[in-house]
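Residue numbers (my numbering), protein chains in the order written: chain L, 1 to 222; chain Z, 1 to 432.
Be careful, since some hints might not be right.
In the SDA-like style, the derived pairs of lysine to any residue whose C-alpha atoms are separated by at most 20 angstroms in a straight line are [said to hold, decoys possible]:
no., chain 1, residue 1, chain 2, residue 2
1, L, Lys163, Z, Gln247
2, Z, Lys241, Z, Leu266
3, Z, Lys313, L, Tyr191
4, L, Lys219, Z, Lys241
5, L, Lys150, Z, Val305
6, L, Lys195, Z, Lys241
7, Z, Lys241, L, Tyr191
8, L, Lys150, Z, Glu304
9, L, Lys195, Z, Lys313
10, L, Lys131, L, Lys219
11, L, Lys219, Z, Ala63
12, Z, Lys3, Z, Leu13
13, L, Lys65, L, Glu105
14, L, Lys211, Z, Val305
15, L, Lys211, Z, Lys313
16, Z, Lys313, Z, Gly297
17, L, Lys150, Z, Lys300
18, L, Lys163, Z, Glu249
19, Z, Lys281, L, Thr87
20, L, Lys150, Z, Leu266
21, Z, Lys241, L, Phe101
22, Z, Lys300, L, Glu105
23, Z, Lys313, L, Ala188
24, Z, Lys313, L, His128
25, L, Lys211, Z, Leu302
26, L, Lys219, Z, Ala261
27, Z, Lys241, L, Ala192
28, Z, Lys241, L, Leu89
29, L, Lys163, Z, Lys241
30, L, Lys137, Z, Val305
A few chain Z positions that, by computed beta-carbon distances, are all more than 10 angstroms from chain L [what the hints assert, rightly or not]:
no., residue
31, Phe12
32, Pro25
33, Phe28
34, Asn72
35, Asp89
36, Tyr95
37, Gly119
38, Ala122
39, Leu178
40, Cys325
Keep in mind that the hints were calculated from the coordinates and are not lab data.
We treat Cβ as the ideally placed atom computed from N, Cα and C, and that holds for glycine.
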Amino acid sequence: MKLLVIEDEAELAASIAGYLTDYTCETAATFTQALEKIEMFTYDCILLDLTLPGGDGLRLLDLLKKEKRNDGIIIISARNAMEDKITGLTNGADDYIAKPFHLPELAARVYSVIRRKQFSSANVVEQHEVKIDLLSKKVFVEGTEVPLTKKELDLLLYFIGNKNKVISKGALAEHLSGDMADMLDSHAFVYAHIKNLKRKLTEAGYGNYLKNVYGTGYKWEI
Amino acid sequence: MKKLLDRNLKAFLLYALVVFLASVPAYFLIVDFIWRTELHEHNEIVAQRAKENFQRLSGDTAALNASIDAWNRIQPETDIVPVNAMDEDSVYTVYRYSSISGHEELDRFHGLISYFTAGGQAYKMTVETNIEESYETIAAITAVTALFFLLLLAGFLLLNKKLSKRLWAPFHETVGKLKAYDLKSQSQIPLPQTDIIEFESLHAGIRKLISGNIAAYREQKEFTENASHELQTPLAIVQSKLDLFLQTEGLTEEQSGIIEAANHSLSRVSRINRNLVLLAKIENGQFASEETVELTGAVKELTEVMEDFLTEKQIRLELDAPGACKVNGNAALVEILLTNLLMNAIRHTPAGGEMRIVINNGSVSIANSGTSPLPEDKLFKRFSSAAAHTTGTGLGLAIVRQICQLYGWQVGYGFRDGMHQFTVGFNRGKEE
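Here chain Z stands alone, though its shape is the one from the complex:
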């Protein structure tokens, strides 16, 4: 994974490199052109002035010849020779070893060949000026360009580092808030203020998404709640009719068996319904009152109530409570939490099995014998019973988790030494 700005920077740098590379021949051509034009002008001025001077001496042939001779000797880069006929002016560029200066390298010369007459004789005049060699020009330009490119590169990298911190700060803040967001809070995320169009549009998108989600969540929750409430009355009617039906004179054993079977399923539906209502209520925070509950006592009371089930399945129960464990919470919810965990254990313990309850200061763990570990990720979800044949509602552990979430308690599952173990830690991890 790369940072967005780095990817940006790479493209920018590549582009800059191409431009700089292209600029080298361009600079060279321009500089060279200027050089040549200027030197051409210079040569022409020199030639013009010389011509005029020589022509002034036209009358005196001896003086003229002496002057030309002297000129040729003094001005090594120029050359005046008598020719038979006049010709058009021409220019040339040539590489050769310089006649003076003792240079070991080839020098480049820009030359002008011009013709003039003086004293009735036609002369060819060559004027040469040293011009910077192309490769030297190119080398110099390349060096300067490279230097500037390096400056640009360093600047970009530095700016990128600084900018990515500053520019993306609101973005990182937004991401952090999104990560911490819990739809159950049913409130908008307080997104940071920003004057960047892109971030503002991102925020607008997020706000829209969240308010849509909140609405959908609320609707779904209300639906469950309303559906469960609406079901209670018809369920009550069916239940009462079955109870009444059982009073009919002269029922056969078969008929009464049918009623009993209907009763059994009906009470399961009723319980699922009650649990759904309960879940909705916990989510809605309708268990506001809190008191201190002493767990050992509560567990003992519950296991007494459950004694019938323990005897029926011949489960050996071991209760280990070395210290008192007091928790703050709604007494009814704490009882539901414990009941669900205990009943869950009883239900899934094979007949003749074993249950062990350990109450420590700050945690309760309930273990029961089993065969193989259960999928922890599915355990606490609604209606995802791990056991295929079950009489449970599939909501017991979901309620446990919901209660733990409400109070910031931690509930966990583990499997060791052939025992399923559910542990609830009552130290509030975080307030919600």
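So here's chain L without its partners, still in its complex pose:
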């Protein structure tokens, strides 16, 4: 799977590429570079920073839509402006993420965008014995349905989108509650949800892929 990271901050682009190791990442640091790459290749997902030297990222978005390209597009913006978000999404971006963000959050979204783009008809995620039907929001382990809450399902997808990565509790808390996460002192609720998810999956007989690491983080190990 191929990704294009259009980001003028070299360090951030390097971090993204360094984290999304499941994909082949290419980077572009300027508007012109990005334009060249987009014109030459197609990507499974394009991460698009809106503030670019040499031009507005929204123009690239317009261009992609005009050519009816099927590349998934996630806008990464420091502008964090409501208008940017709305313009971006109405102009055909698949998702929007504001700086600063957690890399696992970005990975989960990339995973979700690619999955939607590629399996638009049969929306089923399978990983070993775990099967998730995204349309009916049902989870099966070896054919048996596991009743999960909305948040547990959300977490499961997040882990699958970040397989073999260590995810901090903070990132999980932010994913589950957005801005509200760090308004509270403890992230105990994260632990509670994960415990429940793990218990339900274990009871159904999955291969114990979700592991607690270093005391503070989690990892979906495949």
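Guided by the hints, dock chain Z onto chain L, whose structure is given.
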């Protein structure tokens, strides 16, 4: 406090009083001087004419003596007596009872003593004329002066009253405009036109002050905005590096704990930053779109999202929404307003405490158990958290107030029955 014109008037009146008082002796001296001069002249004319007449009779001693005798009898205020020698003329003023008229009071007389010879005999002639008494003159002058002073006083008071209304009208208008001025509007005050130098110079001063303030305000706002924007990218880099660092093979539990702690603080910085950007955007009016938001639904949705926090702190939540409450505003801002108030309540409720949300037509109140009242004046200020140990950004309530200001809603705080209570009234008090 006194009115400026009254103070002015007092000084003027005191001065006028002094001048009038000083004028009384002056008038008297002048009038008296004129009196005396005129009477002196009069006496001299009388004496001169008499002398000439007597001298014409010089040849006939008997006729002369008869005439002098007759004169002395007919003219009581004059007296001609034979003397041994001639002397210099002299004048005098004397108080005495009048020989005629039956006056009971002392009268004042101005007299001339003159000498002449007739028929070889020297005579002394005294001519007296009644002159107005000094005290009567003084009394009359004082009375007239007092009358004029009273007229002046009455006139001044009346004029002062009328003038203070008219003259100060532009000033009062200016003061009213200044009182109503809000720097956040970032516009000059439309000051009234005036052709008074003092007011114009006041207006020039105010205009200069305001444009200086607007510039400073704008600069400060832009600074916050720019600083926050500039911070977002480095924050994103640090965040990504920490996430990446966590992937390193063979991290110890201690190292991973350090990363987690750094993460925790970093996300707080990020949130403060996001909130500052948000505040700047609200101030700049960048949330223009308005729609009708149904509050009960919005609150229910939010409390569902917050369920985790409620469970974690074992907070009992009571939602009382007897009627629908619809408000007009930007949906995102209304959500932020509610989120901040709700999270604020959750954060400050002690574990096992209680929260009560009441939604009425036109207002929402969110109450949570607490120990003692909070200082209301500080609550809504930026970075002035009432609680010492807090994980908040110190901006939540400032944002609430900013949103309320934007739409002219009223937000208030109260403490009763051991509950902190924040209430937002959605009836637009004033359009801004």
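Hints, one by one, checked against the model:
1. Simply put, Lys163(L) and Gln247(Z) have alpha-carbon atoms about 12 angstroms apart, close enough for the 20 angstroms limit, and the pair holds.
2. The hinted pair formed by Lys241(Z) and Leu266(Z) meets the criterion: a straight-line CA distance of about 12 angstroms does not exceed 20 angstroms.
3. Distance restraint check for Lys313(Z) and Tyr191(L): the Cα-Cα separation of roughly 14 angstroms lies within the 20 angstroms cut-off, and the hinted pair is therefore satisfied.
4. About 18 angstroms separates the Cα atoms of Lys219(L) and Lys241(Z), which keeps this hinted pair within 20 angstroms; it holds.
5. Between Lys150(L) and Val305(Z) the CA atoms are separated by roughly 11 angstroms; this keeps the pair inside 20 angstroms, and the hint holds.
6. Between Lys195(L) and Lys241(Z) the CA atoms are separated by roughly 28 angstroms; this puts the pair beyond 20 angstroms, and the hint is violated.
7. Restraint check: the Cα-Cα separation between Lys241(Z) and Tyr191(L) comes to about 24 angstroms, which exceeds 20 angstroms; the hinted pair is violated.
8. A hinted pair counts as satisfied when its Cα atoms are at most 20 angstroms apart, and Lys150(L) with Glu304(Z) qualifies at roughly 12 angstroms.
9. Our distance criterion of 20 angstroms between C-alpha atoms is met by Lys195(L) and Lys313(Z), whose separation comes to about 18 angstroms.
10. In summary, the hint linking Lys131(L) to Lys219(L) is supported, as the alpha carbons are separated by about 19 angstroms, within the 20 angstroms threshold.
11. At most 20 angstroms may separate the alpha-carbon atoms for a hinted pair to count; Lys219(L) and Ala63(Z) exceed this at roughly 161 angstroms.
12. The suggested pairing of Lys3(Z) with Leu13(Z) holds, with an alpha-carbon distance near 15 angstroms, which does not exceed 20 angstroms.
13. Proposed proximity of Lys65(L) and Glu105(L) is contradicted: the alpha carbons are some 25 angstroms apart, above 20 angstroms.
14. Taking the CA atoms of Lys211(L) and Val305(Z), the gap is near 26 angstroms; set against the 20 angstroms cutoff, the hint is violated.
15. For the hint linking Lys211(L) to Lys313(Z), the alpha-carbon distance of about 26 angstroms lies beyond 20 angstroms, and the restraint is violated.
16. Of the pairs offered as hints, the one joining Lys313(Z) and Gly297(Z) is violated, with about 24 angstroms between alpha carbons and a cut-off of 20 angstroms exceeded.
17. At roughly 17 angstroms between alpha-carbon atoms, Lys150(L) and Lys300(Z) fall within 20 angstroms of each other, so this suggested pair holds.
18. Between the alpha carbons of Lys163(L) and Glu249(Z) the distance comes to roughly 15 angstroms, so the proposed pair stays at or under 20 angstroms and holds.
19. For the proposed pair Lys281(Z) and Thr87(L), the alpha carbon gap of about 17 angstroms is at most 20 angstroms, so the pair holds.
20. With a C-alpha separation of about 28 angstroms, the suggested pairing of Lys150(L) with Leu266(Z) is violated against the 20 angstroms cut-off.
21. With a CA separation close to 11 angstroms, the supplied pair Lys241(Z) and Phe101(L) stays within the 20 angstroms bound.
22. A C-alpha spacing of about 26 angstroms is found between Lys300(Z) and Glu105(L), which places the hinted pair above 20 angstroms, so the restraint is violated.
23. Taken as a hint, the Lys313(Z) and Ala188(L) pair is honoured in the structure, with Cα atoms around 10 angstroms apart against an allowance of 20 angstroms.
24. Distance restraint check for Lys313(Z) and His128(L): the Cα-Cα separation of roughly 37 angstroms exceeds the 20 angstroms cut-off, and the hinted pair is therefore not satisfied.
25. Between Lys211(L) and Leu302(Z), the direct Cα distance comes to roughly 31 angstroms. Violation of the 20 angstroms bound is thereby established for this hinted pair.
26. For the given pair, Lys219(L) sits about 19 angstroms from Ala261(Z) by alpha-carbon distance, which is consistent with the 20 angstroms threshold.
27. A distance of roughly 28 angstroms separates the Cα atoms of Lys241(Z) and Ala192(L); the hinted pair therefore is violated under the 20 angstroms criterion.
28. Using a Cα cut-off of 20 angstroms, the hinted pair Lys241(Z) and Leu89(L) is violated, with the two alpha carbons roughly 28 angstroms apart.
29. The straight-line distance between the Cα atoms of Lys163(L) and Lys241(Z) is roughly 18 angstroms, inside the 20 angstroms bound, and the hint therefore holds.
30. Distance check on the hinted pair: Lys137(L) and Val305(Z) sit about 19 angstroms apart at the alpha-carbon level, within 20 angstroms; holds.
31. Chain L leaves Phe12(Z) outside its interface by the beta-carbon criterion, the shortest separation being 65 angstroms against a cut-off of 10 angstroms.
32. For Pro25(Z), the condition that its CB be more than 10 angstroms from all CB atoms of chain L holds, with the nearest at approximately 86 angstroms.
33. Every beta carbon of chain L lies more than 10 angstroms from that of Phe28(Z), the smallest distance being close to 90 angstroms; the non-interface claim holds.
34. The non-interface label for Asn72(Z) is consistent with chain L: the shortest C-beta to C-beta separation is roughly 124 angstroms, beyond 10 angstroms.
35. No beta-carbon of chain L is positioned within 10 angstroms of the beta-carbon of Asp89(Z); the least distance is around 114 angstroms.
36. Consistency note on Tyr95(Z): stated as away from chain L, and its beta-carbon is indeed over 10 angstroms from all of that chain's, at 105 angstroms minimum.
37. Residue placement check: Gly119(Z) keeps its beta carbon more than 10 angstroms from all beta carbons of chain L (closest about 133 angstroms).
38. At the 10 angstroms boundary, the C-beta of Ala122(Z) stays outside the reach of chain L, the nearest C-beta of that chain being 127 angstroms off.
39. No Cβ of chain L comes within 10 angstroms of the Cβ of Leu178(Z); the nearest lies about 35 angstroms off, and the non-interface call holds.
40. With a least beta-carbon separation of about 23 angstroms from chain L, Cys325(Z) lies farther than 10 angstroms from that chain, consistent with its non-interface assignment.
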